[in-house]
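J.: Chains as they are written, first to last, in the numbering used here: chain E, 26 to 395; chain Z, 26 to 395.
Warning: the hint list may mix true and false statements.
You can't tell identical chains apart in this list, so a pair holds if it fits in one copy or across any two.
Think about it this way: if two alpha-carbon atoms lie no more than 30 Å apart in a straight line, the pair counts; the simulated BS3-like pairs of lysine-lysine are [stated by the list, open to error]:
1) LYS363 with LYS171
2) LYS363 with LYS101
3) LYS363 with LYS174
4) LYS394 with LYS174
In case anyone wonders, no lab produced these hints; they're calculated from the structure.
2 protein chains.
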Amino acid sequence: MAQSKKLAAGIIRNNREMADGRTIRYYDTADQTRTAPDQRPVEEQPAIGELRLDPLVNEWVAMASHRQGRIFLPPKELCPLCPTTGELLTEVPESDFEVVVFDNRSPSLRPPVGDWALPDLVGPDTDLGTAAGKCEVICFTADHGKSFKDLTPARVRVLLEAWIDRTDELSREPYIQHIAPFENRGEEIGVTLSHPHGQIYAYSYLPPRVEKMLAAANQYMESTGKVLFDEILAREIRDQERIIARNERWIAYVPYASRYPFEIHVAPLNPVADLTGLTDEDRDAFPAIALEVMNRLDGVFGIEMAYIAAWHQAPVRIGRDVLRLHWQITSVRRAPGKLKYLAGSESAMGAFIMDMRPEQSAAQLREVKL
Amino acid sequence: MAQSKKLAAGIIRNNREMADGRTIRYYDTADQTRTAPDQRPVEEQPAIGELRLDPLVNEWVAMASHRQGRIFLPPKELCPLCPTTGELLTEVPESDFEVVVFDNRSPSLRPPVGDWALPDLVGPDTDLGTAAGKCEVICFTADHGKSFKDLTPARVRVLLEAWIDRTDELSREPYIQHIAPFENRGEEIGVTLSHPHGQIYAYSYLPPRVEKMLAAANQYMESTGKVLFDEILAREIRDQERIIARNERWIAYVPYASRYPFEIHVAPLNPVADLTGLTDEDRDAFPAIALEVMNRLDGVFGIEMAYIAAWHQAPVRIGRDVLRLHWQITSVRRAPGKLKYLAGSESAMGAFIMDMRPEQSAAQLREVKL
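Just chain E, same shape as in the assembly:
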């Protein structure tokens, strides 16, 4: 593990070991030294969870029962994602930071010990026992009270480089099949720490939605010889009416068949399989559209919107010619004081009912004065 590494755009990564053996990575724009030691007592790591096959639908479910006792919405003075200042020893030993990524203290998925392979899906007698993978936490800023949308463009650029670096490194682990950086925001969707941060889940199996995207893309390639996502983007550009922002390298739109009152997809105009494929020009043009989209979202009702913002990438080893990078932002907020819930049709049947036309939602997002 390199202690210090130069990334693109003059960004430097410094790795440090935490007291319990986990790694913390500092991503900085200046060549800071990051040497503050983690002074906390060593605590025992939770055991690796189980991965169980749900045979009814041939999908893996990770069991992480050690997560029941997680800390819930601590006040700022007890926030474990703030820098260490004064008495409180947090997850970040330094007294300030730009962007940091550290291994999750209560991970749903953990690196496997020894040889590890996923069995074929074979029905109700499949026992596996090991939820292999890796979960990391990414803090966007040391400032507890900020949101993604308040970050400077320069900071979003560092954040993007950190996501790229993590995708690059995690892709090299032989047990990892898929990497998903995402941010959950808002108590309405169960966020337990309000400090601006995201997570990176690296799965040892294809997540069911990715598997389904891959199947659709493969089927489309076989029947038309074209890449599905490129055609989807072409239709959005042709239709125009659901586009909410664009610049020379990126486009943001409410998809034709969105599932949430507010759903936005952000994609590079020159398609790539994953974050590591973005050119320097793509990377430099991302902060502007990302900040515009997030400000439009919070502007619709003038309140902080609960959302999930997730990067969809091609899996690490397969489907790289047919799947495309895009950033999906979904909000369950349909009006001030009203949320969309996933009830019988969505949850039990998987059949989504949308209460709002995507064109209406796109118009509301476009009308926001920035």
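Please arrange chain Z on chain E, whose structure you already have, making use of the hints.
T.: Chain Z only, in chain E's frame:
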């Protein structure tokens, strides 16, 4: 449409037309006449919604934008599901009832006008425009303050017969492919009317989760010659530790790979494709296990649990030899004051993380003193 029909167990169905042309069906244990007219002014029916293909995953999404204005948690004296007494003219013209089923006033899916066929799924240029199907509301009792678990066994028997009758009739409609009776309970999951009731969704397409269950069952049949669900049930019976209730005709268990803190599947020991296949003995033995399961669920924390209770049936026209009827109850409540939320991993990736071992949840349900 038969005005009056004798069903099993001495239950009688009486159909009446509502003021706006919708149908209400009274299910009664005595031979009541149900003649009270709907005295409300005729109001315009909302137009049929759109069905849009989400090409990323090849799934249909129904657009029902007219539903935004639905009434939200009205007090008892304004409840549209109570019987009509005094001034308030409700959805049910009679002054009392046992079980009623009526066409939903704000349906997500509506019967199509004229010829209607689902196109093959073909990618981003698929336009359809018509969310065909049918949505009905089923009231379990005239008593606004009751819950499913407070019903008498005799009333649950009527309710079951109503579900069976609706499955039977809706199966005859050529545009209907799948029928899902379900109940949503609890403000935590967005229930807008607290009167004890459920819904019946009849889809003109296979809901995505049903499609996935069908694919898994077909694959299992091809590779083993066995019915997947029967083998799942056999494993649950062999493992024993997740079974929470059983009688001579039914069994209830927390599935091996459950996805929610409390998830219970209830299945007949003699497998059938759908509700209409249940024998008289199965039907008569259902109320006892249904009430036991619901009382165990509310007993775990001594509070009313939010839940979704959905009947999984074989589709109307396909997969009838490989899919089996079962009743799935899921609750997002993981502790008093704590809910499980579907965030980044579950919502964006479809990858479920369970915070609790199913065996633990089964033990808690078994330990409830009834």
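J.: Hint by hint, say whether it matches the structure.
T.: Right, here's what the structure says about each hint:
Proximity of LYS363 and LYS171 under a CA criterion of 30 Å is satisfied in both settings, with 24 Å inside one chain copy and 26 Å between copies. Proximity of LYS363 and LYS101 under a CA criterion of 30 Å is satisfied in both settings, with 28 Å inside one chain copy and 21 Å between copies. When the C-alpha separation of LYS363 and LYS174 is checked against a cutoff of 30 Å, the pair qualifies both within a copy, at 22 Å, and between copies, at 28 Å. Only within a single protomer do LYS394 and LYS174 lie at most 30 Å apart by alpha-carbon distance; the minimum there is 15 Å, versus 51 Å between protomers.
This entry satisfies every hint, going by the numbered hints stated previously.
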